[in-house]
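Okay, here's what each chain looks like letter by letter:
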Amino acid sequence: MAIDTEKLSGAESLRKTRTYGKVRCHNPSCMERLQPPAGADHIKCPTCGMEYRIYWVNPNLPRIRGPVWDVNRKLAEDKLASINKSKSKKAAKKGGD
Amino acid sequence: MEKVLMINYQKCTGCRLCELVCSVMHDGVSNPARSRIKVMKWEAEGLYIPMSCQQCEDAPCMNVCPVKAISRDEDLGFVMVDYVICIGCRSCVAVCPFGAMNYNSIDKKVFKCDLCGGDPQCVRFCEVNAIEYVDADRLSTFKKKDAAERLSVAQKEAGALQAAI
Amino acid sequence: MALDRKIAYIDLSTGEIEIKPIPLDVRKKFLGGRGLDAYLLYNNKEQGCDPLARGNTLMISGGILTATCASATARTHVMAKSPLTGLLGSANMGGFFAPEMAWAGFHHLVIKGKAEKPVYLWIHNGEIEIRDAANLWGKTTTETQWAIREELGDDEIKSAVIGPAGENLVRFANVMTGIKNSAGRTGMGCVMGSKNLKAVAARGTMDIKIAHPVDALEYNKRFINQITSAKVNQTQGTLGTPFIWGATNSWGGIRTRNFQYNQCENADDIEPERIDEICEETMGPYHMTGCFGCQVHCRAQYKIPSGPYAGKYDEGPEYTSQGAFGGEPDCKNAVTVLTGNHLVDQYGMDNLETGSLISWAMELYELGIITSKDTDGLDLKFGNDEALLEMITRICYRDGWLADTLADGGIPASEKIGKDSFSYLIQVKGMSNLHSDERATPALALNIATGSRGSDHLRSRPAIDLYHLPEEVLRKIYSNPVPYDGPLSSEHTSYDGKPWMVFWQENCYMGVDCLCICKYHTTFLGATLPNFEDWTKVIYYNTGLDMTPKEIWDVAERCYNIERLFNLREGLQREDLKKGDTLNHRYYDEPCRRGAIDVIGATIDRKKFKKMIDEYYGHHGWDENGVPTPETLKRLGLDQEPSHLL
Chain A
517 MAIDTEKLSG AESLRKTRTY GKVRCHNPSC MERLQPPAGA DHIKCPTCGM EYRIYWVNPN
577 LPRIRGPVWD VNRKLAEDKL ASINKSKSKK AAKKGGD
Chain B
266 MEKVLMINYQ KCTGCRLCEL VCSVMHDGVS NPARSRIKVM KWEAEGLYIP MSCQQCEDAP
326 CMNVCPVKAI SRDEDLGFVM VDYVICIGCR SCVAVCPFGA MNYNSIDKKV FKCDLCGGDP
386 QCVRFCEVNA IEYVDADRLS TFKKKDAAER LSVAQKEAGA LQAAI
Chain C
954 MALDRKIAYI DLSTGEIEIK PIPLDVRKKF LGGRGLDAYL LYNNKEQGCD PLARGNTLMI
1014 SGGILTATCA SATARTHVMA KSPLTGLLGS ANMGGFFAPE MAWAGFHHLV IKGKAEKPVY
1074 LWIHNGEIEI RDAANLWGKT TTETQWAIRE ELGDDEIKSA VIGPAGENLV RFANVMTGIK
1134 NSAGRTGMGC VMGSKNLKAV AARGTMDIKI AHPVDALEYN KRFINQITSA KVNQTQGTLG
1194 TPFIWGATNS WGGIRTRNFQ YNQCENADDI EPERIDEICE ETMGPYHMTG CFGCQVHCRA
1254 QYKIPSGPYA GKYDEGPEYT SQGAFGGEPD CKNAVTVLTG NHLVDQYGMD NLETGSLISW
1314 AMELYELGII TSKDTDGLDL KFGNDEALLE MITRICYRDG WLADTLADGG IPASEKIGKD
1374 SFSYLIQVKG MSNLHSDERA TPALALNIAT GSRGSDHLRS RPAIDLYHLP EEVLRKIYSN
1434 PVPYDGPLSS EHTSYDGKPW MVFWQENCYM GVDCLCICKY HTTFLGATLP NFEDWTKVIY
1494 YNTGLDMTPK EIWDVAERCY NIERLFNLRE GLQREDLKKG DTLNHRYYDE PCRRGAIDVI
1554 GATIDRKKFK KMIDEYYGHH GWDENGVPTP ETLKRLGLDQ EPSHLL
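Residue numbers (our numbering), protein chains in the order written: chain A, 517 to 613; chain B, 266 to 430; chain C, 954 to 1599.
Please note that a few of the clues may not be correct.
[Claimed, not checked] Derived pair list, reagent style DSSO-like, types lysine-lysine, alpha-carbon separation capped at 30 Å:
hint: 1; chain 1: A; residue 1: K595; chain 2: C; residue 2: K1560
hint: 2; chain 1: A; residue 1: K523; chain 2: C; residue 2: K1429
hint: 3; chain 1: A; residue 1: K595; chain 2: C; residue 2: K1561
hint: 4; chain 1: C; residue 1: K1429; chain 2: A; residue 2: K538
hint: 5; chain 1: B; residue 1: K306; chain 2: C; residue 2: K1561
hint: 6; chain 1: B; residue 1: K333; chain 2: B; residue 2: K377
Keep in mind that the hints were calculated from the coordinates and are not lab data.
So that you can see chain A by itself, here it is in the shape it has in the complex (with noise of 0.2 Å):
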């Protein structure tokens, strides 16, 4: 077996792709890049409003450790709220049909 020993197969190759000292948002649709302050405890997302709370592997790897439970608990309830009063719309209309 010849192995080109400099050719780097395609999982090494996505190395160049990786990025250091950001976190994602993690609302689905948002999934925006969030770049922590060095040795920050929280951060807020700018797009969607999700706040988390940050923990840091190393200096250059920060991970979401959690929500901040209340904020993100109004949000969620928010739209648990809307979804309900759009079904019960919807099922009203439904009613008087």
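Chains B and C: place on chain A using the hints.
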């Protein structure tokens, strides 16, 4: 400059990659029984301690060898066995205070760490740096620094505790 | 040829032992580990026999790379017909067992029959002995291992053992080695128990030849670097697998209160960072350990800090224990998770199945489907930590009606409990789902519905789907080693192209399981980790076997199809809610109520999901019922199965 293996067992994760690469490097096969370094384990309490040759100055193995097959390498300073002279009596195995002189029952030979000719593979592969290859005279400096750091942390904690009271 | 490996056939009924070499042509077709086990199972097990009868065959094996100079060839694979699902039983564990078995002269064991009384196997430098295990019966998993060492007088013996759960035929009992390494799913420990086989002990000092030792050593350095440079493995090496909890619970992917919520709220005490603090407090700053040859070191060490088991040493807890004893039963205390983990490790019982079934019982209790009479007075409410821990012990010893019922597995239990208990049981093919909630992630839902060993995250989960990788990156991964130009979507809420991703991951994980290296060393949680192309090199340098990436892919596909054939032979049918490629109705009917804004309201779309399954079958070359077509079998060289090559 003479260099030695410095083992910090607290950092050892117990994976035994060092044993594997040692046997592949020296014998071209995978077999920890042929490894010059060996991780001793107390698995029930999660304690792992790699053991290897200390390359003693006044080496008991060298002293006990009845045919003078053991000598010191002049360039790198490690203790080595000359297999042309060695009669396989295992006296060196018996006297080594660290159990670092091994006996291989497949080839019927004693064997020990030769620092891989200056590029110890156990060091190269240990990513947690439980084994490092350092100048012999700096070994104590590293230890001092470690101990000092522990003291400093303890002092800070004590200070914080005092302030809290 | 460096590949001179041996297989041993052991008949526990007659005591006969036959040792054979593994021919090269069989190697090339099935590689080793899980792939070769699947072939052996299909060829050796009596069709349709009861999983606990003599006719069931148990395989314990290493892979083609086991004990070679490749990073972390630590995995042991165990296979048999599952007493939990009645279908394929297959589980995989880390630790040090398979390499030790390899140095003792064997890569595969095929264990048939049943011993008259408890025995264990002693494998030592090319020899196998069946020994009396009367003194070991009743002992926990670690007690058993230490007792074997003492009896045989060698501290370096590695054993794969069962605990009391396996002896008591708990249908989801583990095979275990070390403190916590578990071949945990599908009840392989129960099969060992049914054969009166308490342990397999190995110790060896035989050489494993390396085809090209200098190159193997050099390439291993590069291989390890590829693995440890991944951000995900640096995180794992710090926090262990619990690290997954952070993101997953944040967006709303943690099944809580059985399946009522998709987020465990305010669970700060069981967050990985908190668990890591406890590990550090009890074991010091260097509290991570690893399996054989692994530089990722994802396993934490801890001592239980308080409670009735205070001071007990254990390892983990893994992400599964966090969910099984934290999220699902809604017991948000680190000490509970650590204690639950310790108990199942000692009993030798699947943490995931145990926690899931108890959480299911909790929901049934709160709904009044079971009552305090059924629980013998135990107040089995969500969030009752003591009740949770008590139930773990009761299940292991089948103590009381409910525990005895649950110990038989979810589906038999639902039939015994009756009413509409089955509709609350979160399972696929009779095996409980991981605590992850897949309602917002169609690809992951497809993965659990179709996994060959039942609901499972380690058979085909395209976990990198959650990373929102650019399409060109996805294409680079998923169109190798076979071309794919169909759709691929970066959106993990999408249904587009996901069947291909699941199909690709299936082959990737089958490949890993044939090599018996760890899934954290391949395209599972990180995009830059090794797969087919990288494996060609590591296989060649170590074994001399010269294969192309496509040839390894073909092996994987072949082995996966054998598993499918086995499942079909044992009764799998596409739409069967108990034995098919299906999901619990709650995935379609109950919208997510927690988590990230856009996860709220998410469900799996029934029609789109059905289409995904059709598409997935299509990629496999299976018909609309999920049966491999004659052309597919011919293409993979499986048209003559069972072929009895070995």
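To see whether the hints hold, each was checked on the structure:
For the given pair, K595(A) sits about 25 Å from K1560(C) by alpha-carbon distance, which is consistent with the 30 Å threshold. Pair hint K523(A) plus K1429(C) holds up; C-alpha atoms about 16 Å apart against a cutoff of 30 Å. For the proposed pair K595(A) and K1561(C), the alpha carbon gap of about 24 Å is at most 30 Å, so the pair holds. Restraint check for K1429(C) and K538(A): the C-alpha separation of about 23 Å stays at or below 30 Å, so the hint holds.
For the given pair, K306(B) sits about 53 Å from K1561(C) by alpha-carbon distance, which is inconsistent with the 30 Å threshold. Distance restraint check for K333(B) and K377(B): the Cα-Cα separation of roughly 16 Å lies within the 30 Å cut-off, and the hinted pair is therefore satisfied.
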